[in-house]
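A.B. asks: Build out the structure end to end from the sequences listed, making use of the hints.
There are 2 protein chains.
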Amino acid sequence: MTNITKSNIYANIPASAKDEITEILANSKSVRIERIISTGQTSPEGFFYDQEENEFVIVLKGKAVISFEDGTKVELNEGDFLNIKKHLKHRVDFTSNPTVWLAVFFA
Amino acid sequence: MTNITKSNIYANIPASAKDEITEILANSKSVRIERIISTGQTSPEGFFYDQEENEFVIVLKGKAVISFEDGTKVELNEGDFLNIKKHLKHRVDFTSNPTVWLAVFFA
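Line by line, the protein sequences are chains C and H.
Counting in our numbering, the first sequence runs from 1 upward without gaps.
Counting in our numbering, the second sequence runs from 1001 upward without gaps.
Among the hints, erroneous ones may be present.
Derived list of chain C stretches under chain H, where covered just means 3 residues or more per stretch with a C-beta under 8 Å from a C-beta of chain H [to be verified]:
1) 7-15
2) 30-40
3) 55-64
4) 73-85
Result set (SDA-like, lysine to any residue): computed pairs, CA atoms no more than 20 Å apart in a straight line [to be verified]:
5) H:K1006 to C:H87
6) H:K1061 to H:S1007
7) C:K89 to H:K1006
8) C:K6 to H:I1036
9) H:K1006 to C:N77
10) C:K29 to H:K1085
11) H:K1085 to C:N27
12) C:K29 to H:A1103
13) C:K61 to H:Y1010
14) H:K1006 to C:G71
15) H:K1061 to C:N77
16) C:K86 to C:S43
17) C:K29 to H:K1086
18) C:K85 to H:I1004
19) C:K6 to H:Y1049
20) C:K29 to H:Q1051
21) C:K73 to H:S1007
22) H:K1086 to C:S28
23) C:K6 to H:T1072
24) H:K1029 to C:E52
Simulated restraints, written as ranges between beta carbons of each label pair [claimed, not checked]:
25) C:E52 to H:K1006: 18 to 24 Å
26) H:G1071 to C:S16: 41 to 47 Å
27) C:S43 to H:G1071: 45 to 51 Å
28) C:S30 to H:M1001: 29 to 35 Å
FYI, nobody ran anything at the bench for these hints, they're computed from the structure.
For each residue, glycine too, the CB sits at the ideal point set by N, CA and C.
C.D. replies: Take a look at the structure:
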């Protein structure tokens, strides 16, 4: 039998959790694919992500708001995706409980 | 304003199409992220993909069946994903109309 295992991105979503839950779905030298489950978390006041990698991110379930350093806000509903270039500072202003994200980080 | 554009992966799905429709959502030297819309297409009889890149693939809408050279069949429903290592020969035996795939190809 071919050694291949399917998994489901909507499996094992907690009813709530103190912190976001990140799982790595695939990983290589050049790319990291993550499932992120948010259950209402937001970025700390005044905090911005400033990443070394480009990020493709899609909301698969739920709803979120990402904002940028200049105040631009983007609401993401199911199926909405963004390409966030490396070092483009951004933060998470809102997440529904739950929000299922798929994120691809790459050089 | 921050130069960022959201798009929706479920937008502009044709009612039907002769061929699968592939759109590149993100692209770099190391990774290519594609949306693939199938509307019932399958791989030609006897054909197997034999890819130079690893592929992470998830069915976001619809249903599909992928099979492998040894006859192993994997049914993918909404949210199911596979990591297909490079050169692992595989084919598409079935797609619903429509099937929305997100595929990440990487070295």
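A.B. asks: Could you check the structure against the hints above and give me the numbers of any it violates, in ascending order?
C.D. replies: Hints that this structure does not satisfy do not exist here, as all of them hold.
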